[in-house]
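Novice: Residues per chain are reported as follows:
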Amino acid sequence: MFDLNDFILRKAKELGFGDVVVLGYETNRRQVRFANNEITVAKYWHERKVELFVEKDKRIANTTITELSRENIERVLKTLKKNIEGLSPKEDYYGIAEGPFRYEDIPETFDKSIVELDEPNEYVERAINAALERGARRVAGVLYTDHDRIYLTTSNGVEAFDEGTGIEISVRAFIGDLESGHGTNSVRVLRKFDPESAGRKAGEIASLARNPEQGPEGRFDVIFDPLAFANLLSYMSFMTSAYAAEAGFSPFVNRLGQKVANEIVTVKDVGNLPNGYGTRKFDDEGVPTRETTIIENGTFRTFLLNTSLARKYGVETTANAGLIMPHAWNIVLEPGDYSREELFGEVKRGIYITNVWYTRFQNYVTGDFSTIPRDGIFLIENGELKPIRNIRVSDNLLGILDRVKAMGRETHHVHWWEVRTPVTAPYVLVKDVGITRATK
Amino acid sequence: MELLEFAVEKALELGADYAEARFEEKTGTHLAMKNGSPEGLSILADRGIGVRVLVDGGMGFASTNVLTKESISEAVKKAVKLAKAASQVRNEPIRFSEENFHRVSYKVKMKKDIRDVSPEEKLELLRKIEEEVKATGVNVPMRYLMYSDELWKKEIVTSEGAYVKSKIPRVSVVYNLVVFENGQMEQAPFVQRAFSGGFELLERDEPWNWAVKDVKALKRLIAEGRKPPEGKVDLVISPEVAGIAVHESVGHPYEADRIFGREAAQAGESFVKPDMLGERIGSEVVTVIDDPTIPNSWGFYLYDDEGVKARPRYLIRDGIINEFLTNREYAYKLGQHSNAAARAINYNREPIVRMANTYLAPGDYSFEELIEDIKLGVYMVSFNEWNIDDRRYQQRYIGREAYLIENGEIKHPVKRPILEITTRALWSSVDAVGKEVEFYPGTCGKGEPGQGVPVWMGGAHARLRNILLRY
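Chains A and B, in that order, are what the protein sequence lines are. Using my numbering, count along the first sequence one by one with no gaps and you end on 440. Using my numbering, count along the second sequence one by one with no gaps and you end on 471.
Treat the hints loosely; a few may be bogus.
What the hints assert, rightly or not - Facing chain B, according to a computed beta carbon distance under 7 Å, are these residues of chain A, among others: (1) Y44; (2) I60; (3) S88; (4) I372.
To be verified - Simulated crosslink set (DSSO-like; lysine-lysine; CA at most 27 Å straight-line): (5) A:K82 / B:K232; (6) B:K34 / A:K312; (7) B:K232 / B:K375.
Everything labelled a hint here was simulated from the structure, so no lab data went into it. Ideal placement from N, C-alpha and C gives every residue a C-beta, glycine not left out.
Start from the sequences, fold in the hints, and give me the full structure.
Specialist: Below, the structure is given as structure tokens:
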């Protein structure tokens, strides 16, 4: 595919474009969806495409080319040229990274046995059975296998290749209508894949959640399961993009160097995380991915940047391009030193939330939001878990980060339908979380 | 067309009991402006073919964007193989309802073709919003504006004789405006104006007027806004708020695939069960309709992605649960015909049960009549934060622009009134509905991988009695 990239780059330069980035993809993805203990649909996707970014006198444009004949490519380039010549420039555009770069292999990101895997239904059945053995009656979920090849060529001397695989499962187990639990497992190499662990967790939580009663409202100490806290951090990751901050979607605006969280909170983006579902060797302009500390001991250190935004603010890129919008690869919340038992022991009366969904903001700049616990929710009273239902977390994102009291020492890598940016998080205990419920 | 027929024939040859092939091509332009600076141009040019099959009661789907017979043949083989394997892990086979199929072609006309308008002229639309917002004198330090137009061309061929060809252009403007006055910040995020049709629809809609109204209202809210009244009050919700409420608490829970558990691990299930058809869920003045056929609507289509002819669906009629949204798979389970709710967002997605344009049907009250006997209440004009549990029973909507109603008159703004209520209580509390219907666009999320589909939400004003608001 590099031949094609070179052809596109050459033709683009002939047409007078300045910065050019050609990012080719070959992807093979498979999905097995299941519900009510049976497979509802199985899918396969094969895609070949080129994402193209061009610049001319600070006028920028991008497109995706899926019809990759040379005639069509030339036609697309001419169309881009015609369209951006009359367009107003992006005055705050400052270019792309200067290559070439050296890339390190990242452990546990490619496994040939996933590419060669013929039939993944066995894993689905194992996950379903694990949930049923823990008391579930109905099990639903999804399994994916991924195989991606990425080819990057830029006008600044970058030629980079990455090949990755992945396999992941998300399992939700039900007993009745109101009793459910959820578990996930996302890995890049087959030997680390443990579909039963997802099924077991889903089944166990569903079993514990039998006969829930209407939950209370007020302020409570809350233990967030890694699955639940990952949801909040996944939303937060978007807000740490410099682009989102400029566009009015971030409570971190004007807070560089300021305290935004409790001092025990350190949040990183790790683009080169071994076995991370979002891991890649390089960003969209070819900069080798790295570890970036976003919040260090409670202090906000940096937004996520590409080269253009970094130059705008006179700093170094964090290797998070997105040529238009920088974004996180894998968010990691550094763990604490509590065992799970010790963490629950800290809470005399509080709430354990195993999962949340539908996180929405009233105001992105202040961080006011609510999110809805789903699956098992438990009132913690004197070491006992009592199932409850129908409550809502109504709070402020920075307030939650500030009131983090303790964290577990084990972390879980979470990636599923509601957590789109992969997040590694421990169990997190937050003080005085706002809980509401319906008034009628 | 030839490739689609090839795909269907190939699937039948390989043992499929049912096959459907869908070609989709999307072309268009996207532009953004951040704090007055153009962010560049994005050109959309995407196309491919998706193939869905039933084999021995198992369902398989495969897609490719390499449009050669070889690649499509490969996709068909994969779909059939996956379906066969899936059939081994089923308790009962998937069956489709019987339907009448058509060979049809339709398109939405553009008076001002989006392909004839230059990117700079499209950018002018955003520039006009910038200028008009600036001219208000309100301090709006963060402004993010997006324009998009897309032309969706689609062809569907099924092994049961359906052939549907369509061409639907869609135009949209979205803005995020952050108002900062007196040391306080209020926001109008992701506000959208959107239609199916040509560029002229956005020009006629004048999105800058909506933006101006929003920033002025937010400034006034900061300057004059007070706490909402305590205790039980009456609440009048606008067509925009009624729209999100019918979408979340009527449209979604009436999706038959959710009712039968197919979406359980993602968007969730439903508090509604099949035997609740005919049961009362709201007061007699509540009728909720989902209608894909409204001309120029954001959720417009005339035939769904299984080739079934679309019609208005009366989800609630006079307070009674009347019908669910179905595709062929779930219509069969219910012993019904499909009401054409199967939609796929692109060639690489399976059609699933979706809404189109959902609204609270009009009653016979003027706005003045709705508020004239309210001693103490709140009028919620627009909302920001909202969410609902995955059974669609406990929802919350927080007002962005809202006002106190006192002795039948609209008074000062109130800050962030919160309606947090169960679905049954919400629709049972409505005692009067306005005469005029308005629609607001949105992107409805569902499916895995995600399929954000364009929908309109709206309806008439509604009056709710005895509501305890949070704040």
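Novice: Looking at the structure, which of the earlier hints fail to hold?
Specialist: Those not satisfied come down to hint 5.
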